[in-house]
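2 protein chains.
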Amino acid sequence: MEQAIIEAKRALAIGEVPIGAIIVKDEVVIGQGYNQRESLQDPTAHAEIIAIKQAARTLGTWRLTGADLYVTLEPCPMCAGAIVNARLQQVVFGAYDLKAGAVSSLMNIVEDKRLNHCVQVMAGICEEACSQLLKDFFQDLRTRNIYNSER
Amino acid sequence: MEQAIIEAKRALAIGEVPIGAIIVKDEVVIGQGYNQRESLQDPTAHAEIIAIKQAARTLGTWRLTGADLYVTLEPCPMCAGAIVNARLQQVVFGAYDLKAGAVSSLMNIVEDKRLNHCVQVMAGICEEACSQLLKDFFQDLRTRNIYNSER
Numbered sequence: 071m072e073q074a075i076i077e078a079k080r081a082l083a084i085g086e087v088p089i090g091a092i093i094v095k096d097e098v099v100i101g102q103g104y105n106q107r108e109s110l111q112d113p114t115a116h117a118e119i120i121a122i123k124q125a126a127r128t129l130g131t132w133r134l135t136g137a138d139l140y141v142t143l144e145p146c147p148m149c150a151g152a153i154v155n156a157r158l159q160q161v162v163f164g165a166y167d168l169k170a171g172a173v174s175s176l177m178n179i180v181e182d183k184r185l186n187h188c189v190q191v192m193a194g195i196c197e198e199a200c201s202q203l204l205k206d207f208f209q210d211l212r213t214r215n216i217y218n219s220e221r
Numbered sequence: 071m072e073q074a075i076i077e078a079k080r081a082l083a084i085g086e087v088p089i090g091a092i093i094v095k096d097e098v099v100i101g102q103g104y105n106q107r108e109s110l111q112d113p114t115a116h117a118e119i120i121a122i123k124q125a126a127r128t129l130g131t132w133r134l135t136g137a138d139l140y141v142t143l144e145p146c147p148m149c150a151g152a153i154v155n156a157r158l159q160q161v162v163f164g165a166y167d168l169k170a171g172a173v174s175s176l177m178n179i180v181e182d183k184r185l186n187h188c189v190q191v192m193a194g195i196c197e198e199a200c201s202q203l204l205k206d207f208f209q210d211l212r213t214r215n216i217y218n219s220e221r
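Protein sequence lines, in the order shown, are assigned to chains A and B. Start counting the first sequence at 71; every next residue gets the next number (the numbering used here). Start counting the second sequence at 71; every next residue gets the next number (the numbering used here).
Since the hints were derived computationally from the structure, they do not count as laboratory data. Worth double-checking, as some hints may not be accurate.
Copies of the same chain look alike in the list, so a pair counts if it works inside one copy or between any two.
[As the list claims (entries may be wrong)] Here are the simulated lysine-lysine pairs, DSSO-like style, with alpha carbons at most 27 Å apart:
1) Lys-169 x Lys-79
2) Lys-79 x Lys-183
3) Lys-205 x Lys-95
4) Lys-183 x Lys-205
5) Lys-79 x Lys-95
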């Protein structure tokens, strides 16, 4: 999860909401990504999607069987669906997303037995560090907005 | 939907499961895509995701407000989530997907009021043509598998 946090800090460095992800198979990092929605102006450019696409390139197959995804924030429905589609083995997330989380908070797509693949979930790992990154980012954003609106 | 079917036939022509999508805004096609999961070995390369990424490039923004997506098969959870994330106005689909459909069949992600955006749904448009494409594809696949296993 520490490496996923490093990825999240990369997003922070370019002014993006700080969310990072890595994918590990056999103790080797095969994919990594950080949120780039604004920089790329791409609604699909979440950390998880970027990491999944990179892992598929690394392995040369869309089936990421036996690989685990670590992400600093609970995945949204799109990313949870991509995790199932990629046949990942496990998803480990840091902070809960009460507004859009689709692995635990609002729904649980990855463990839905009606789908053709189920993914194990480990929740709340390094939760404090992951959520603090987000809190600081939004606090800073609010401060700057107040500052700008006062000018 | 006819243009989405043309996209689906492009997938068929390269041996992919025939699913196609287009995105329309102000009566202009701003994105199109067809399933390329096997060709690209990318688990996210569904027709909808490719069309959404293209539409965002066309408009120069990730917010596809006021745009409608037409797709030959009911979107899976990943694509339904991407449709919400892209702030699309409406999703129109052809065939129902009873095994993975996330807009009507198994769940309804795009009209989930707990999420920060809701998308209108129009279901079963040109359903017969869309599902026939899929039936023919899988029938052909089975025939070839039997043929191959007999050799």
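Structure-based check of each hint:
{"no.": "1", "hint": "Lys-169 x Lys-79", "in the structure": "within (22 Å within a copy, 38 Å between copies)"}
{"no.": "2", "hint": "Lys-79 x Lys-183", "in the structure": "neither (35 Å within a copy, 31 Å between copies)"}
{"no.": "3", "hint": "Lys-205 x Lys-95", "in the structure": "neither (31 Å within a copy, 36 Å between copies)"}
{"no.": "4", "hint": "Lys-183 x Lys-205", "in the structure": "between (34 Å within a copy, 25 Å between copies)"}
{"no.": "5", "hint": "Lys-79 x Lys-95", "in the structure": "within (23 Å within a copy, 36 Å between copies)"}
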